[in-house]
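A.B. asks: Start from chain A and add chain B according to the hints.
Which chain is which? The protein sequence lines are A and B, in order. For what it's worth, our numbering labels the leading residue of the first sequence as 137, then goes sequentially. For what it's worth, our numbering labels the leading residue of the second sequence as 3, then goes sequentially.
Calculated directly from the structure, the hints in this document are not laboratory data. One or more of the hints may lead you astray.
Label pairs and their in silico Cβ distance ranges [stated by the list, open to error]:
no. : chain 1 : residue 1 : chain 2 : residue 2 : range
1   : A       : 181       : B       : 155       : 32 to 42 angstroms
2   : B       : 61        : A       : 179       : 36 to 46 angstroms
3   : B       : 143       : A       : 179       : 39 to 49 angstroms
4   : B       : 135       : A       : 161       : 14 to 24 angstroms
5   : A       : 181       : B       : 188       : 18 to 28 angstroms
6   : A       : 152       : B       : 56        : 25 to 35 angstroms
7   : A       : 171       : B       : 30        : 26 to 36 angstroms
8   : A       : 206       : B       : 66        : 18 to 28 angstroms
9   : B       : 87        : A       : 205       : 15 to 25 angstroms
10  : A       : 179       : B       : 15        : 20 to 30 angstroms
11  : A       : 152       : B       : 172       : 41 to 51 angstroms
Derived contacts from chain B toward chain A, CB cut-off under 7 angstroms, selection only [to be verified]:
no. : residue
12  : 54
13  : 57
14  : 85
15  : 89
16  : 98
17  : 132
18  : 133
19  : 197
A quick note: this is a predicted structure, and the numbers were derived from the prediction, not measured. Just so it is clear, CB atoms sit at the ideal spot from N, CA and C, and this is done for glycine as well.
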Amino acid sequence: MRELGRLERFLRTDPRDVGCDEALAVLHIYVDLVAAGEDAAGRYPGVAAHLLACGPCGEDFAGLLLAVTSG
Amino acid sequence: MQPARQPIEDLDEESAAWVRRLGAGGGERQAAERELYARLVRIALAEVRRRSGGTPVTGPELDDVAHQAAGDAMLAILAKLGDFRGESRFITWAYRFVILEVSGKLGRHYWRNPPVALDAGQWERLPDRLGIDPARHAESAGILAEVRRVVDDELTVHQRRVFVAIVVDGIPLDALAAELGLRRNAIYKVIFDTRRKIRRALVANGYLEEPGLEQR
Chain A
137 MRELGRLERF LRTDPRDVGC DEALAVLHIY VDLVAAGEDA AGRYPGVAAH LLACGPCGED
197 FAGLLLAVTS G
Chain B
3 MQPARQPIED LDEESAAWVR RLGAGGGERQ AAERELYARL VRIALAEVRR RSGGTPVTGP
63 ELDDVAHQAA GDAMLAILAK LGDFRGESRF ITWAYRFVIL EVSGKLGRHY WRNPPVALDA
123 GQWERLPDRL GIDPARHAES AGILAEVRRV VDDELTVHQR RVFVAIVVDG IPLDALAAEL
183 GLRRNAIYKV IFDTRRKIRR ALVANGYLEE PGLEQR
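One chain only, chain A, in its complex shape:
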């Protein structure tokens, strides 16, 4: 069963996942916390869960973080 890892990861859902709308509404706050080295996931666990599970929101997070840290 260990070889079914990708399938299991795909099917695993996190009850804390807040969805796209809530995550994107605070994305700028979340990104500033991450950029400052603070515990963004601890403060926004539902956002952290969502960004791990949602490819498009994860891309937006990565892009915004890069934008604010690249000067």
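C.D. replies: Positioned in the frame of chain A, the structure of chain B alone reads:
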């Protein structure tokens, strides 16, 4: 409820300067707008290039997307300047607009030259998408049959169409949202619920051993 806007003197120095300059009149405001727009264009160009491997949009069209995103983001930022509450740095709040514009526009531009048509239904690609190698997994035929059964029997027509487009055909979520005129969250929720249904079915049939994190 939205938190109250921080007084400008409580903002960090750079954010306070942006708010003050963009709220000023005449030349000071125009200079701030030019500076912000130049930054938005730079961020948008970098972002479309960062995402270029995951979109069929290429070449000059990619640069067009970036410039359109920067322009639309600039309009939105100026229109919503009063909504900035100082919960983040101003520039992070502003860059969020351009990043989201890039996402939305790449989703819409996908359909100008789509590598996969909507409703293609490439079920033969599902094993690869789910990371199941029929040659290595004796259970793979049963797993794939159960996934197909859940999709065919337990989903509505809309849910089935979304699952097939995203998971089976690999259409980007933002592209599907644009084509169906839906918000990203509406598509995500369909996929989220479908993942739970499939997992439950695979657990019930002994293909997966534990329920995972999925209760909601």
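A.B. asks: Determine for every hint whether it applies to the structure shown.
C.D. replies: Going down the list of hints, with the structure as the test:
no., hint, in the structure
1, A:181 <-> B:155: 32 to 42 angstroms, "holds, 34 angstroms"
2, B:61 <-> A:179: 36 to 46 angstroms, "holds, 41 angstroms"
3, B:143 <-> A:179: 39 to 49 angstroms, "holds, 45 angstroms"
4, B:135 <-> A:161: 14 to 24 angstroms, "violated, 40 angstroms"
5, A:181 <-> B:188: 18 to 28 angstroms, "holds, 23 angstroms"
6, A:152 <-> B:56: 25 to 35 angstroms, "holds, 27 angstroms"
7, A:171 <-> B:30: 26 to 36 angstroms, "holds, 28 angstroms"
8, A:206 <-> B:66: 18 to 28 angstroms, "holds, 23 angstroms"
9, B:87 <-> A:205: 15 to 25 angstroms, "holds, 22 angstroms"
10, A:179 <-> B:15: 20 to 30 angstroms, "holds, 24 angstroms"
11, A:152 <-> B:172: 41 to 51 angstroms, "violated, 27 angstroms"
12, 54, "violated, 12 angstroms"
13, 57, "violated, 11 angstroms"
14, 85, "violated, 11 angstroms"
15, 89, "holds, 5 angstroms"
16, 98, "holds, 4 angstroms"
17, 132, "holds, 5 angstroms"
18, 133, "holds, 3 angstroms"
19, 197, "holds, 5 angstroms"
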